Each structure stands twice: as C-alpha cells, then as structure tokens.
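Using the sequences and the hints, build the whole thing.
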Amino acid sequence: MNESFEMKEPKYLEVFHAAQAKLLEGDFEAGREFLAQAATLVEDLDDRDFLEYIKGTQAYLEQDRESLKLAIGQIQEPHNKALLERFLFTLESGEQVDYNRDYMG
175 MNESFEMKEP KYLEVFHAAQ AKLLEGDFEA GREFLAQAAT LVEDLDDRDF
225 LEYIKGTQAY LEQDRESLKL AIGQIQEPHN KALLERFLFT LESGEQVDYN
275 RDYMG
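The numbering of the sequence shown is the numbering used here, which starts it at 175 and goes up by one.
In case anyone wonders, no lab produced these hints; they're calculated from the structure. Computed from a predicted structure; not experimentally measured. Don't be surprised by glycine CBs; every beta carbon is placed ideally from N, CA and C. Any given hint could turn out to be false.
Unchecked claim - Okay, derived cross-link-like pairs now, DSS-like style, lysine-lysine, Cα gap no bigger than 30 Å in a straight line:
1) K182 x K196
2) K243 x K182
3) K243 x K185
4) K185 x K196
5) K255 x K196
6) K255 x K243
7) K196 x K243
8) K255 x K185
As the list claims (entries may be wrong) - Simulated restraints, written as ranges between beta carbons of each label pair:
9) H253 x E199: 32 to 40 Å
10) E266 x K185: 15 to 23 Å
11) D218 x E269: 30 to 38 Å
12) A210 x Q270: 29 to 37 Å
Here it is in structure tokens:
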C-alpha cells in the first residue's frame, strides 16, 4: 500500500506564516489582518510567548515603542526575542519600518 501522509501546520501557524509572507511582500494591510487573526487563534491556545511575539510584531508595524518594549520583556524564546529587539532598534534609531530588512536581519 502506498500511502502518503501530509504533515499540516496548526491553523495559527498557517495564518501567522501568511501574515509574514504578506509583510515580506510589503503588503502591510493584509499582513496586519493576518496577524490579528493569528493573535486570536493563539489566545485560544493560551500560548503566551507566541502571543507576545505577535503583539510585538504588531507594535513594530504601528511604530509603538512602548508596546514593543513590553512584548520584549514578556517573551522567553531567544530567536523571537532577538527579532523583536531588532525591530525596536529600528524604531529607536528613527529608521523607517521595513519588515523585510528587519526580519531578515
């Protein structure tokens, strides 16, 4: 028997990755919408760390330094924390928000 199994991402990751794709394409409006959907899905899972990462990304896009700092203070995962810190550096140095540049490092 030749069966193939397709591993599928959880819905919140599908939506989050759709947000990232839109943001990397420069479509901030669609990216923000997908981020909001992902945040709702993650809230339902009670994954506080990932929710803070999403909130920090939203704060970066809105150029909200204080909310971004709060998210950085709450997040534990080192890679995501480093990304948020890079986003904050952009905001604090007065550079224009550029998700592609800042996400890719």
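Results of checking the hints against the structure:
{"no.": "1", "hint": "K182 x K196", "verdict": "20 Å, holds"}
{"no.": "2", "hint": "K243 x K182", "verdict": "33 Å, violated"}
{"no.": "3", "hint": "K243 x K185", "verdict": "27 Å, holds"}
{"no.": "4", "hint": "K185 x K196", "verdict": "17 Å, holds"}
{"no.": "5", "hint": "K255 x K196", "verdict": "21 Å, holds"}
{"no.": "6", "hint": "K255 x K243", "verdict": "10 Å, holds"}
{"no.": "7", "hint": "K196 x K243", "verdict": "24 Å, holds"}
{"no.": "8", "hint": "K255 x K185", "verdict": "23 Å, holds"}
{"no.": "9", "hint": "H253 x E199: 32 to 40 Å", "verdict": "22 Å, violated"}
{"no.": "10", "hint": "E266 x K185: 15 to 23 Å", "verdict": "34 Å, violated"}
{"no.": "11", "hint": "D218 x E269: 30 to 38 Å", "verdict": "35 Å, holds"}
{"no.": "12", "hint": "A210 x Q270: 29 to 37 Å", "verdict": "23 Å, violated"}
Figure legend: structure checked against the earlier numbered hints; hints not met, in rising order: 2, 9, 10, 12.
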